[in-house]
Structures are given as C-alpha cells and as structure tokens.
Amino acid sequence: MLEVALRHRFGPAGFALEAAFATPPQGVTALFGPSGCGKSTILAAVAGLLRPQAGRIALDGTLLLDTATRLFLPPERRRCGMVFQDARLFPHLGVERNLRYGERRAPQDATGPGFEEVVALLGLGPLMGRRVVQLSGGERQRVALGRALLSRPRLLLMDEPLAALDAERRQEVLPFLARLRDVAGLPILYVTHALEEVDALADALVLLEGGRVLAAGPVEELTARTDLPLARRRDAGVLLGCQVAETGQDGLTRLSFPGGALLTTLPPGPPGTKLRLRLRARDIAVALAEPRDISTRNVLKARIAAIQPAPAPQEVFLDLAIGPSHLLACVTRDSVARLGLRPGLELWALVKAVTFEHRVASGEPPAASAAMG
Amino acid sequence: MVSIGLSPEEWQAVRLSLEVAARAVLVNLLPAIAAAWVLARCRFPGRLLLDAALHLPLVVPPVVVGWALLLLFGVRGPIGAPLQEWFGIRLVFSTAGASLATAVMNFPLIVRAVRLGLEAVDPGLEAAARTLGAGPLDRFLTVTLPLMSPGILAGAVTAFAAGLGEFGAVITFASNIPGETQTLPLAIYAATQTPGGEATAARLALVSFALAICGLVLAELIAGRMHRWLGRA
Chain Z
1 MLEVALRHRF
11 GPAGFALEAA
21 FATPPQGVTA
31 LFGPSGCGKS
41 TILAAVAGLL
51 RPQAGRIALD
61 GTLLLDTATR
71 LFLPPERRRC
81 GMVFQDARLF
91 PHLGVERNLR
101 YGERRAPQDA
111 TGPGFEEVVA
121 LLGLGPLMGR
131 RVVQLSGGER
141 QRVALGRALL
151 SRPRLLLMDE
161 PLAALDAERR
171 QEVLPFLARL
181 RDVAGLPILY
191 VTHALEEVDA
201 LADALVLLEG
211 GRVLAAGPVE
221 ELTARTDLPL
231 ARRRDAGVLL
241 GCQVAETGQD
251 GLTRLSFPGG
261 ALLTTLPPGP
271 PGTKLRLRLR
281 ARDIAVALAE
291 PRDISTRNVL
301 KARIAAIQPA
311 PAPQEVFLDL
321 AIGPSHLLAC
331 VTRDSVARLG
341 LRPGLELWAL
351 VKAVTFEHRV
361 ASGEPPAASA
371 AMG
Chain A
374 MVSIGLSPEE
384 WQAVRLSLEV
394 AARAVLVNLL
404 PAIAAAWVLA
414 RCRFPGRLLL
424 DAALHLPLVV
434 PPVVVGWALL
444 LLFGVRGPIG
454 APLQEWFGIR
464 LVFSTAGASL
474 ATAVMNFPLI
484 VRAVRLGLEA
494 VDPGLEAAAR
504 TLGAGPLDRF
514 LTVTLPLMSP
524 GILAGAVTAF
534 AAGLGEFGAV
544 ITFASNIPGE
554 TQTLPLAIYA
564 ATQTPGGEAT
574 AARLALVSFA
584 LAICGLVLAE
594 LIAGRMHRWL
604 GRA
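So the protein lines, in turn, are chains Z and A. Note that my numbering numbers the first sequence so that position 264 is 264, with each residue one more than the last. Note that my numbering numbers the second sequence so that position 135 is 508, with each residue one more than the last.
Be aware that a few hints might be false.
[To be verified] Per label pair, the in silico range of CB-to-CB distance:
1) Z:Arg7 <-> A:Pro509: 25 to 31 Å
2) A:Ala407 <-> Z:Ser35: 55 to 61 Å
3) Z:Gly14 <-> A:Asp495: 47 to 53 Å
4) Z:Gln134 <-> A:Gly597: 39 to 45 Å
5) A:Glu458 <-> Z:Gly11: 20 to 26 Å
6) A:Gly597 <-> Z:Ser35: 23 to 29 Å
7) Z:Glu221 <-> A:Gly597: 55 to 61 Å
8) Z:Thr265 <-> A:Asp495: 32 to 38 Å
9) A:Ala425 <-> Z:Gln53: 32 to 38 Å
10) Z:Leu71 <-> A:Pro434: 38 to 44 Å
[What the hints assert, rightly or not] One side of the interface only, derived from the structure: several residues of chain A facing chain Z at Cβ under 7 Å:
11) Arg414
12) Ala493
13) Pro496
14) Ala500
15) Ala501
16) Ala507
17) His600
18) Leu603
[What the hints assert, rightly or not] In silico negatives: residues of chain Z with every beta carbon more than 10 Å from chain A:
19) Ala68
20) Pro75
21) His92
Please keep in mind that the hints were generated in silico from the structure rather than gathered at the bench. We put the CB at the ideal spot given by N, CA and C, even for glycine.
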C-alpha cells in the first residue's frame, strides 16, 4: 500500500499542491484530472525526483519521505520503477541493454518476472537487436515498460505513458499495459487525463483538481457519483465490472454483473474474461411498464435510488439500483414530471446492445494470466 | 608528405608539435570535464567569476600567459621550485613545459566544447537512470559521460588542432629549442628570421595548414557521426 501526503508550493504565488491519499496494495490507481492539477508533481514526489516542502510518503510501511524527520530517500534507493511520457530510453544503448539497465541494478534478493518472461509479456522479442532510434513511439514505450518492470520495483509509476502516442499507437500499447497490470502483482500509480485509459486500466481513482484531491476510491464507486467533475462530461456514466458469461448463437455476448446481465455486440473474449463497460448515462432510457415490441435487447428491472441534478438545468440523473449494482441514467426534468418518477419507484432500464463502444478488454482470462504469472 | 621534401629537422618540428598538442589534450581532458560539470550543473555564488577566469587564456595575450607560467612554474616559482626540488621535474625550457603552456592556452576551448556536450544531455535520462537504481557515479559513467562524448571528442580534436599552432605562450615559457620545444609555429618563426629560410617556412606553413584542415574536418565528421549514433538531428 502506498500512502501519500504532500504539500508543495511552486514560488511564493505559484501553484500550490496539497494532496493526501492511499492506494490499494495491488492494481492500478489512476491520478486523474485536467492538465496542471498536480498529478505529475505527485508522481515526481513519489519517485523522489521532486522534493516537496512538506509531506510523508510510505510504501508498504517503509518510509520514502518524511519531512518531519528530514528523511528523504533518493530515487535510486526507492525502488519505484517509472515510465515517462517520453519513454526516456538511453539512446546510446540498444534495446536489450536498456532492458538490462534496471535489472543489473536491482537488489539480489528482489523478486519479479524474469527477463525472458518480460520480453514475452511485452512482445519485445522482435525488437531485441534494434537500436533505440529505430523504434516507433509505441515500441519505445513498451521497452520502457519492460525496463521499469525488470528493475524489480515495489511500485510502478506511470506518467501519462500513452499521451505522446497517436490513437492507433495507444491502442497498440494499452493491451500490454493491461497485461502488465495483471501479471506484475504490483501497485501501479498511473497519471492520466484520458478517461479511456481510466476505463481500461484503473481499479482505483484519485480525482484531482487545482492541486487538491476531490475524491478517491474504487473507480466504479466514483463514476456513480453525480457531484464530481466526472458527471459533467458528455460521456458520464457508471463503469460496471462484468464478466463474460457466454456468447450465444445470435452472436451476442452475455455479460453478467452483480444483480443482472447485459447483452452486447462486443466481441470481448472467452467466458470468464473480466471487463468493464462504461454505461453512458445518456444511452439509458427508462420505462414504467415493461416495454414490448421494442428493439432494445437489455430491459433491466431497476429501482430509483435517488434523483440528482445534472449539469444541464433541464436534465437530471436517475441513480438506478439493479441488485447491488448502480447505473446512472440521464433524463429530462420533463420526463420526471410526466412519469411521476420518484426515489423508490420500480421501473425498467433500457440499454441498447449496440451502445457499447469496443473498449480494450481490461484483463486476460484468468487461466491465461495465471500461466503468465 | 615525402614529396614536399621535409628535412630531418623539419620533421622533428612536426613530430614535436603533434606530441605537444596530444599531451596538452590528454592533460586537459579530466580537468575540463570537471570544470564543464561545475559550470553547467552547479549553482553557487561566484560561478560567473569562475566562468570568466577559465576563459582568460582566450582573451589575454599569450605572452602574458607564458610569463605567468614562468612566474609560477619557473625554477624559483612557488610551484616550479618544489617540483624541481622534490620530484626533479623541470618544466621551463622542456617539452613538458611546451605541453603545459599549450594545455593552459587550450583549456577554455575544451571546456567550452565539453560544456556544450554536457548541456545537450537530457537531464530526463539521468532522472530515468536514478529511478532504475543508478547512484551518482554509476549514472555519470553509464549515462552522462557517453551522452556528452560528442562534445568531449569535438573539444579534444579542436584543441589538438589549435595546439599544433600555439606560439606565444610556448615561446615565452618553454623558449625555442630545436628538438625540445621548437614546435611547428616556432620553427616557422625561426625560419623566417634566418636568411634563406623562406623555403623551410613555406614548407612548414603548408604542413601546419594541412594539419589544421584535417583536424577541423575530422572534428566535424566525428561530431556528425556521434550525433547520428545518438539519434539527434
């Protein structure tokens, strides 16, 4: 577990950061927020590349920084592997020697995936004889991931690792990131301003704005809240963890989630694959009676848990409880009045099977990841 | 070279020039890297003063540098006397002295080039090395030094080429002794002062011209190749 509490001000009238949060012992914690919210500063402080004016950082109980006792562990002794936006591979060394750089400096007793394993995991085999200048942006970033992982870190820090890549390259690297997350068994602190990456990778979320933590917690929980900046986005909606149940004769895939199931046209992989769907609030309609003669394939029995204001004055969010799961639906105030919607009311939530964008399946099927680890 | 028909004495001047210039570069390398590091990376009061002081040999008349060396390293000088007494090393009027004078004159040239090379090193790469567990010396040897090597090489070659032609400081500190301290420019000077020495002066001038051109072209070639090696534009 990583515990962070920082206070830092750039210049007398400059940007002030005051943030505190803790991450779960494993999985990806995304630091999410607009440019200039302080997320990269936090990452640099955890890595030891920035010395904050005040603060305390502890990783699994080991103090990395404590300004109260003037403790400052230099970056080379923190064992925090870092992946930078611009890869930062050593241009005078080939791909293999870049990968070995951290490995050779890792403590003897450190454990972690071996060289061959990392090469296979990140598909680096074909790059092995190359020089850094001959690599594409996506390839560089994969080598940088491997290099950080091979230094046997106790924590991986990623500073917008996909931000410098174009959309196509991002899609090329993202699955490798997801695999790394499932195999590495490490906490990963992931800085991004792309919601797409949060959806695909993050287990926990720390929402930042203007140098402060707005909210922190499991992604699914935060996406269900309507009082955060997340709800102001056009693609606002709950991120729902699902598991592939089966792919039917009709080509539709049945995804089960706690409290129900969804049919989708996504091709998400073999049964057991875990993935997350963003159910955009504007894609969900409600009906008081079970609709018939309708093309919508997902008609879910739900109960209105709450009605919350939406960013647009004529709209509201319906917080719909389906078993233990929650969905957000965005409807007009007019509909609320016309249908007499109120908390506690039972109704039907309508979600079209074709509404889901194809997002990267966030994880390998359990069998495959077990073999990898 | 043989076709231009240098006499044994003239060859000796050429060889001596090459030797003096090479020794001057070798002596300079480590201090120049240290000085470049201090100037480029350290922030302390008096840094500008140090910067100016290191550049003095570029602007002060070479004769003054030679004379200052005489005062310091002469047989009665505050450094020259103990050197002579304890180690039996005499710098004035010797090949080593010519190398020292050349080195002092060239020092700013090498520092400048090394510093440019160092400033071209992306500090982000050193930060990356830190997060991978590399301590200060490790980081310097495996990342910074190789990445600044184009600057070091360019500095060494330029200083070598310039060192072949160092005149004022050498003649003041080491004098003009054939076979000991008479390098190319000193030999040319001596020839022009000798009746009938024009042919010798012309031949040696041609040689020094050719050496200088070779040195500069070599420096450019090496720099270009190393920059491509490092993937820089």
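Status of each hint after checking the structure:
1. Z:Arg7 <-> A:Pro509: 25 to 31 Å: 28 Å, holds
2. A:Ala407 <-> Z:Ser35: 55 to 61 Å: Given range 55 to 61 Å: violated, Cβ gap about 40 Å.
3. Z:Gly14 <-> A:Asp495: 47 to 53 Å: 25 Å, violated
4. Z:Gln134 <-> A:Gly597: 39 to 45 Å: 19 Å, violated
5. A:Glu458 <-> Z:Gly11: 20 to 26 Å: 57 Å Cβ-Cβ, so the 20 to 26 Å window is violated.
6. A:Gly597 <-> Z:Ser35: 23 to 29 Å: 38 Å, violated
7. Z:Glu221 <-> A:Gly597: 55 to 61 Å: With a Cβ separation near 57 Å, Glu221 of chain Z and Gly597 of chain A satisfy 55 to 61 Å, so the hint holds.
8. Z:Thr265 <-> A:Asp495: 32 to 38 Å: The hinted range 32 to 38 Å is violated for Thr265 of chain Z and Asp495 of chain A, with Cβ atoms some 46 Å apart.
9. A:Ala425 <-> Z:Gln53: 32 to 38 Å: 35 Å, holds
10. Z:Leu71 <-> A:Pro434: 38 to 44 Å: For Pro434 of chain A against Leu71 of chain Z, whose Cβ atoms are near 55 Å apart, the range 38 to 44 Å is violated.
11. Arg414: 16 Å, violated
12. Ala493: 11 Å, violated
13. Pro496: Because about 10 Å separates Pro496 of chain A from the closest Cβ in chain Z, which is outside the 7 Å limit, the hint is violated.
14. Ala500: Result: holds, 5 Å to nearest chain Z Cβ.
15. Ala501: With a closest approach of 4 Å, the Ala501 of chain A hint holds.
16. Ala507: Hint on Ala507 of chain A: holds, closest Cβ of chain Z at ~6 Å, below 7 Å.
17. His600: 10 Å, violated
18. Leu603: Leu603 of chain A check passes; min Cβ-Cβ to chain Z is 5 Å, inside 7 Å.
19. Ala68: 24 Å, holds
20. Pro75: 4 Å, violated
21. His92: At about 5 Å from chain A, His92 of chain Z fails to clear the 10 Å cut-off, so the statement is violated.
Hint compliance for this structure: hints 2, 3, 4, 5, 6, 8, 10, 11, 12, 13, 17, 20, 21 are broken, all remaining hints hold.
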